[in-house]
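Can you make the complete structure from the sequences, with help from the hints?
Going down the list, the protein sequences come from chains A and B.
When you number the first sequence by the UniProt record's numbering, it's gap-free, plus one each residue, and the end is 212.
When you number the second sequence by the UniProt record's numbering, it's gap-free, plus one each residue, and the end is 217.
Read the hints as simulated data drawn from the structure, not as lab findings.
Keep in mind that the hints are not guaranteed to be accurate.
Taking beta-carbon pairs under 8 Å as the criterion, some of the chain A residues facing chain B (in silico) [claimed, not checked]:
(1) Val74
(2) Pro76
(3) Ile188
(4) Gly190
(5) Leu194
(6) Ser201
In this text, all values refer to a predicted model and were calculated from it rather than measured experimentally.
C-beta: ideal position from N, C-alpha, C; glycine also.
For reference, the chains in residue letters:
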Amino acid sequence: MINLLTNNWSEFISGFGWTLLSSILALFFSLIIGSLFAILEVVPNKFLRIVGNVYVEVFRNIPLLVITMFFYLVIPLYIVKINGFTAGTIGLTIYTSAFIAETVRAGINSVDIGQMEASRGQGMTFWQAMRYIVLPQAFKYVIPPLGNQFVNLVKNSSVLAFVAGFDLMYQGNAIASQTFETVNTYVIVGIFYLIITLPISYYMQHLEKKLA
Amino acid sequence: MQNWIDAYSWINIRFLLQGLWITILISVISVILSFIIGSVLGIIRYSKVPYLSKIVGFIIDVIRNLPLLLIIFFVYFGLPAFGFKPDTIPAAILAMTVFESMMIAEIIRSGIMAVDIGQMEASRAMGMKMYQAMWHIVLPQAYKKMIPAMVSQFISLIKDTSLATIIVVPELMQHGQVVYGQDPNYIIPVFVAMALMYFVVCYALSLLSKFIDHRMA
Numbered sequence: 001m002i003n004l005l006t007n008n009w010s011e012f013i014s015g016f017g018w019t020l021l022s023s024i025l026a027l028f029f030s031l032i033i034g035s036l037f038a039i040l041e042v043v044p045n046k047f048l049r050i051v052g053n054v055y056v057e058v059f060r061n062i063p064l065l066v067i068t069m070f071f072y073l074v075i076p077l078y079i080v081k082i083n084g085f086t087a088g089t090i091g092l093t094i095y096t097s098a099f100i101a102e103t104v105r106a107g108i109n110s111v112d113i114g115q116m117e118a119s120r121g122q123g124m125t126f127w128q129a130m131r132y133i134v135l136p137q138a139f140k141y142v143i144p145p146l147g148n149q150f151v152n153l154v155k156n157s158s159v160l161a162f163v164a165g166f167d168l169m170y171q172g173n174a175i176a177s178q179t180f181e182t183v184n185t186y187v188i189v190g191i192f193y194l195i196i197t198l199p200i201s202y203y204m205q206h207l208e209k210k211l212a
Numbered sequence: 001m002q003n004w005i006d007a008y009s010w011i012n013i014r015f016l017l018q019g020l021w022i023t024i025l026i027s028v029i030s031v032i033l034s035f036i037i038g039s040v041l042g043i044i045r046y047s048k049v050p051y052l053s054k055i056v057g058f059i060i061d062v063i064r065n066l067p068l069l070l071i072i073f074f075v076y077f078g079l080p081a082f083g084f085k086p087d088t089i090p091a092a093i094l095a096m097t098v099f100e101s102m103m104i105a106e107i108i109r110s111g112i113m114a115v116d117i118g119q120m121e122a123s124r125a126m127g128m129k130m131y132q133a134m135w136h137i138v139l140p141q142a143y144k145k146m147i148p149a150m151v152s153q154f155i156s157l158i159k160d161t162s163l164a165t166i167i168v169v170p171e172l173m174q175h176g177q178v179v180y181g182q183d184p185n186y187i188i189p190v191f192v193a194m195a196l197m198y199f200v201v202c203y204a205l206s207l208l209s210k211f212i213d214h215r216m217a
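Laid out in structure tokens, this is it:
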């Protein structure tokens, strides 16, 4: 196993890097998109609320693979040529943003409604109250579930293997099919994933206990 | 427009529906198996048996933090090295069950923890044994509390079966690929149809979970 690791070190590390990069990019963009849709779900305007709801429900109930493959096949066909990594990261971002929207919305709802009312009573607009009063408080409730979303994101980034996204899973498959050492290769790939996911999920469990 | 009409010919739609049937079949079998295994593992982890609970807990944490896709690969391409070569559908069910059992074990454990400790203490004080108190008093209350988490886990499972397409399990995603493989013009219509099928099943389940939750509250 050590030989396998050292012989293919650069492939493993580049796969690890691409997985991490895709996860971080997708987290960053899905945080922005997800927060926007979360706010849409709680605004007073009914039409915007419906838009937010539809987005969240649609993308939460369709498999990530369907979304990713759609972007991988359709964007190059009609719009612009993109590689598997880009298509995969776009798919990941959209899928995750729906879950983050749900998480952030739950966070906003867990802030006492009196906070919003008091801010409005002070003469703030809805957006000011949201920005300065509600969201900073909601953020505290949201951190542990967001951490868990990041763990899911790292695990889900393995769908990049379907679209030749150079990620860890993709490299692992390439190595497994070259060396025929399937078991050892998949064990090493698993350890690389655990290096990212285990510490975060333990830390989030610890945070959850502390905040509870 | 003609593309859409051609893509939605009855032969294609029927083929997709057959895929959906396999998807549901794999999901239901896996969730039943995972529920049983997950309950046992969750209770073991909860009950703090020396060594055993720690080991089970560690295994749960490790598998939960791995991508399901990796487990599917491991089962299908890795296990033959140990002389066990499952067919595609059993391999998918095995991989799903291993992964989901760990997810469900965690749901069960947190469900049990959410039941007031006084329930267990009172049952023990009434002269019940640990397993009797667990079976008759604590678990029924815990299961009620974990219905929403359980249903959303089931929804993830249904969505995740699409990953099994990589080992050519004849489920919805795989059948979709076969259909749009005939003609690039079918790609968008087929994706819309597939997305709709997954959506209907998953969204119906999430509505059901909300409804049950509402009635119980």
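Status of the hints after comparison with the structure:
The beta carbon of valine 74 (chain A) is positioned within 8 Å of a beta carbon in chain B (closest approach about 6 Å), and the interface hint is therefore held. Below 8 Å, beta-carbon pairs count as interface contacts, and proline 76 (chain A) has none with chain B, the closest being about 11 Å; its hint is therefore violated. Look at isoleucine 188 (chain A): its Cβ only gets to about 11 Å from chain B, farther than 8 Å, so that hint breaks. Given hint, glycine 190 (chain A) at the interface with chain B, holds; its Cβ is 5 Å from that chain's nearest Cβ, closer than 8 Å.
A distance limit of 8 Å between C-beta atoms decides the matter here; for leucine 194 (chain A) the minimum to chain B is near 6 Å, and the interface restraint holds. Proximity of serine 201 (chain A) to chain B holds as hinted, the smallest CB-CB distance being about 6 Å (cut-off 8 Å).
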